[in-house]
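Residue numbers (numbering that gives the first Met the number 0), protein chains in the order written: chain A, 0 to 149; chain B, 0 to 136.
Just so you know, these hints were derived from the structure itself, not from any lab. Among the hints, erroneous ones may be present.
Cβ-Cβ distance ranges computed for the label pairs, FRET-style [what the hints assert, rightly or not]:
#: 1; chain 1: B; residue 1: Ala85; chain 2: A; residue 2: Asp94; range: 29 to 39 Å
#: 2; chain 1: B; residue 1: Gly71; chain 2: A; residue 2: Thr95; range: 41 to 51 Å
#: 3; chain 1: A; residue 1: Thr142; chain 2: B; residue 2: Gly62; range: 19 to 29 Å
#: 4; chain 1: A; residue 1: Arg60; chain 2: B; residue 2: Asp94; range: 45 to 55 Å
Listed below are the simulated EDC-like cross-link pairs for lysine to aspartate or glutamate, each with C-alpha atoms no more than 20 Å apart in a straight line [to be verified]:
#: 5; chain 1: A; residue 1: Lys130; chain 2: B; residue 2: Asp94
#: 6; chain 1: A; residue 1: Lys130; chain 2: B; residue 2: Asp37
#: 7; chain 1: A; residue 1: Lys146; chain 2: B; residue 2: Asp68
#: 8; chain 1: A; residue 1: Lys135; chain 2: B; residue 2: Glu120
#: 9; chain 1: A; residue 1: Lys130; chain 2: A; residue 2: Glu116
#: 10; chain 1: B; residue 1: Lys135; chain 2: B; residue 2: Asp27
#: 11; chain 1: A; residue 1: Lys135; chain 2: A; residue 2: Glu89
#: 12; chain 1: A; residue 1: Lys130; chain 2: A; residue 2: Asp120
#: 13; chain 1: A; residue 1: Lys123; chain 2: A; residue 2: Glu144
#: 14; chain 1: B; residue 1: Lys136; chain 2: B; residue 2: Asp67
#: 15; chain 1: A; residue 1: Lys130; chain 2: A; residue 2: Asp94
#: 16; chain 1: A; residue 1: Lys135; chain 2: B; residue 2: Asp37
#: 17; chain 1: A; residue 1: Lys135; chain 2: B; residue 2: Asp94
#: 18; chain 1: A; residue 1: Lys123; chain 2: B; residue 2: Asp68
#: 19; chain 1: A; residue 1: Lys135; chain 2: A; residue 2: Asp94
#: 20; chain 1: A; residue 1: Lys130; chain 2: B; residue 2: Asp67
#: 21; chain 1: A; residue 1: Lys123; chain 2: A; residue 2: Asp94
#: 22; chain 1: A; residue 1: Lys130; chain 2: B; residue 2: Glu120
#: 23; chain 1: A; residue 1: Lys146; chain 2: B; residue 2: Asp67
#: 24; chain 1: A; residue 1: Lys146; chain 2: A; residue 2: Asp125
#: 25; chain 1: A; residue 1: Lys123; chain 2: B; residue 2: Asp67
#: 26; chain 1: A; residue 1: Lys146; chain 2: A; residue 2: Glu89
#: 27; chain 1: A; residue 1: Lys135; chain 2: A; residue 2: Asp125
#: 28; chain 1: B; residue 1: Lys53; chain 2: B; residue 2: Asp27
#: 29; chain 1: B; residue 1: Lys135; chain 2: B; residue 2: Asp106
#: 30; chain 1: A; residue 1: Lys146; chain 2: A; residue 2: Glu101
#: 31; chain 1: A; residue 1: Lys130; chain 2: A; residue 2: Glu101
#: 32; chain 1: A; residue 1: Lys130; chain 2: B; residue 2: Asp68
#: 33; chain 1: A; residue 1: Lys123; chain 2: B; residue 2: Asp94
#: 34; chain 1: A; residue 1: Lys123; chain 2: A; residue 2: Asp111
#: 35; chain 1: A; residue 1: Lys146; chain 2: A; residue 2: Glu116
#: 36; chain 1: A; residue 1: Lys135; chain 2: A; residue 2: Glu116
Where a beta carbon is used, it is the ideal one built from N, C-alpha and C, also for glycine.
Okay, here's what each chain looks like letter by letter:
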Amino acid sequence: MKTLMTLSVLQTIGIALLVVHAFREEHLPVADAAPAQSPAAALAPAGASQFDEAHLRAILREELAQEHIRPVTEPIPTDASRPRNPSTAELQQRDTVAQQIEAYRATGTITDAQMQELQADIAKLDAASRKQMLSKLTRALNTGEIKGRL
Amino acid sequence: MQMKLQRWMAVGVLALGSSVALAGLVSDVPVTVTLNGDGSGNANGSMTTARFSKNDVEFIGCGLRRIDDGAGGVFLFAFCQAADAANVQGFCTTDNPNLIASIGDQDDFSFITFSWNTAGECRSIGNSTQSFYIPKK
Chain A
0 MKTLMTLSVL QTIGIALLVV HAFREEHLPV ADAAPAQSPA AALAPAGASQ
50 FDEAHLRAIL REELAQEHIR PVTEPIPTDA SRPRNPSTAE LQQRDTVAQQ
100 IEAYRATGTI TDAQMQELQA DIAKLDAASR KQMLSKLTRA LNTGEIKGRL
Chain B
0 MQMKLQRWMA VGVLALGSSV ALAGLVSDVP VTVTLNGDGS GNANGSMTTA
50 RFSKNDVEFI GCGLRRIDDG AGGVFLFAFC QAADAANVQG FCTTDNPNLI
100 ASIGDQDDFS FITFSWNTAG ECRSIGNSTQ SFYIPKK
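Okay, chain B solo, but in the shape it has when bound (with noise of 0.2 Å):
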């Protein structure tokens, strides 16, 4: 009696193990920040890697600001900052209206990369929305 529920047990066992192993692929990005000496740098990494990683730190992310000028205009500019692991980070801003539309191409559970250059303007703001930066059930 004892031999069948030890069996059954390993069968229940295997059978979870395979569930987890057939989830599809799964890929960990961790933030990386890099600051150049001139002021300019770049950063990357995944939403999903920055949000569930060991630490209280990372982060990695654009937005959007629409500011009313007091004038009867509106001011709208768009960022991207950073944090790594060693809570090094990057940031940069733009109102260039091109790079301002990629912020809306992004998701979720994107992939993130944005450069600046010594002002700290935005030079380049990219995004990858795949299905193994979603985080594991």
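With the rest of the complex left out, here is chain A (with noise of 0.2 Å):
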């Protein structure tokens, strides 16, 4: 994405130039007799081509410089924002939940007063567990094996 930007505006220049280019020399008088040149040069006195192209080559330098010294803006993911491996200790909470749920599936119901404790053990989860569990939770309840209320 940055090459291509870096690229665009190198495009850019590269076309503003020519246009003050041809805009010069629409200004200036033609030669009748002109030795033979090089095509860029046919454009242009000899002097202000020189001047073009190694202006061109400045800004081609300077632009190619700047994109590697720029610093890298993408951000890099930190800890916070990686999903993490679950530790020993959080799987062994997820699994007593899991066992919790099957244990209300088992009775067929689940009162008032024992979903605000699951709920409250499934809270302690980290968060890819709570999602699991609230998900095992939901579907018992929403096939019948559970009755009760969230």
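Take each chain as given, in its own frame, and dock them per the hints.
This is the structure:
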């Protein structure tokens, strides 16, 4: 993406230089007997052509150098944003909650107080396990395997 | 004398009747719960209709839970639940901040609608607060 943007900037600068160049050429008297020159040199006087070419090269060098020294702005994933694997203790807690849900499924019912207690246990889990256990509980309620309310 | 009394009674009955008729539009929307074979589903209905229905099972509503996680944080999630007259029940939960925010839009006499995916996670939560959902006098 950055390379594309750099190339786009360079292209724009190049076009601008060509436009300026062409504009100057229009206002210069045409030489009757011009010596054999390169196509670029033929468009402008020798001095102007050399200046533009050198100037363009300088701009290119500058842009490329800036591209190399520019700091990386893309966000580096931090420990907080990167999903981490749950610890053994967290896995044990999750298994305990899963067993509780299974027990309620076996009983077929859950009271409001038990539901609150279960939700408090789910709150202590890591984010992924919370989602997993809430889903397990909700699915059991939807299938009617556990009768109760959230 | 008796004739006059009967006439006045008739006028009174008519007057009372007309006041009831001019109470405005009332819309009863019983709770419906649809459970799909893959575990997904949806439910909707008017809170007023559910509350004053002739059965003792019908209900619909959504809520929030903020629970101390014991580590300095709070676990926040929202849920919706409903049961129709046949006691078919539907539930969903979500930790999606935008869906959680929609719970705050619900009012005392709202019509509520929600749906969930195969995991029981809420996919949509909506409400409509209209005068015709307010209970009759």
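task = Hints the structure violates: just list their numbers, smallest first.
result = 2, 7, 13, 14, 23, 24, 26
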